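Asks: Chain by chain, the residues run as shown.
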Amino acid sequence: MSSSTKKKVIKNALGITALIIMLAITTFALLLSFVGVDNNVFEMGTVKIELNNGELIFDGSDCNLEPNKTIVKDFTVSNTGTANVYYRLYLENVEGKLQNSLNFQIYEGEELLFDGIASELNQKNPCISHEILSCGETRRLKAVVCMDKLSDNRYQKGSLTFDMTVDAVQAKNNPDKAFEN
Amino acid sequence: MKETKKALIFSGFLLVIDLLLITGTTFAWFTDSIVNQGNTIVTGTLMADLMMDKDENGNYSSIIDGRDFIFSNAEGGNGYAFEPGQTAIVYLAVKNNGQLNMKYNIDMDVTGELAEAMEYALIDDVKADTFDAKDWEEVKEKSNGQTGNVKENISFFNDKIIYAISTPEESGMSYFAIAMHMKKGAGEEMQEKSVTINLEIHATQVIDETNNE
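Chains A and B, in that order, give the protein sequences.
The first sequence begins at 1 in the numbering used here and counts up by one.
The second sequence begins at 1 in the numbering used here and counts up by one.
No lab work stands behind these hints: they were computed from the structure.
Treat the numbers as computed from the prediction; the structure is a model and nothing was measured.
Relax, there's no trap hidden among the hints.
Here are the simulated lysine-lysine pairs, DSS-like style, with alpha carbons at most 27 angstroms apart:
id, chain 1, residue 1, chain 2, residue 2
1, A, Lys-142, A, Lys-73
2, B, Lys-103, A, Lys-157
3, A, Lys-157, B, Lys-95
4, A, Lys-73, A, Lys-157
5, B, Lys-54, B, Lys-95
6, A, Lys-149, B, Lys-103
7, A, Lys-149, B, Lys-160
8, A, Lys-157, B, Lys-160
9, A, Lys-177, A, Lys-48
10, A, Lys-149, B, Lys-95
11, B, Lys-160, B, Lys-54
12, B, Lys-160, B, Lys-142
13, B, Lys-103, A, Lys-97
14, A, Lys-142, A, Lys-48
Please take these sequences and the hints and turn them into a complete structure.
Replies: Put into structure tokens, the structure is as follows:
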């Protein structure tokens, strides 16, 4: 190995060493520049709805319907979650021989949300709130049930049983008021 | 070439999966659902009963479904065998046995030759111990015009409401009396003749102030 080659090797070795040292220092400096913020918590919003405070709306005790008689029941829908929601309301498990002789109207304030027989108020054709139900808000609704004035004796001692369901969905990023199902 | 084709198919498949995942993500929202279970709406019942104070002692008992007769000379009946000039009065009541307030009409369906020799009168709101009339003329006077010759079909319309037992206004009963009188001028030819009267009560619902509107 000639002397000049030896010098070059040494130079290169020194250069590599210097670069490694610089890299190490830089890395160290970079590490030192980080600042830690611990225990960051991301909490999810909740969508939670309540219907009439869990109390039965039509308990059957004060009805005694007869042709052309109307009964009115007030009930509430409350947003007990942390997110603003839209809600929809419908009936399920509708049973009994009064199905076609009772007309239901559902009002939110003065606005008529539904007008028809019980079996028509189903998941595919629900009442949908037009306004956002803000978190903590309770909205008062009214169910007006009228027995068809042409109902004859076949409907005496008749009954209608049903479940009333309310679904809520977040209002944010949901301009079309789309529910899951 | 074969390998390229495979790679293309695999890429296409991945793209479809990606699209599905994106779609799935787009349609995810927070939701909640609650059910108010066991709602019940029931209709009331409309049920009328016809009662009679057979012994005129204030005890009314049901006479529907052939349990008793209003005017009958048969065994167990109230012993009325008419003769000219005779007046017979029976004390009746319509009872509301249902859950709905009601009104009623009374229809009398008459058959038999003796009918032409008979007159009738219907007196509202009377019981045996509250009704007093000396003769047929006085009975007719107290009937407020609900009187006449017995004929084929006679109807009395009553606008009075009989409240269901559960209401505060309850009495549940509407009292009245029916009087029958054989005309004094009825001739010999009426002997052994008879008249059959079927009394029908037609009850109907009353939509009143209890309507929960």
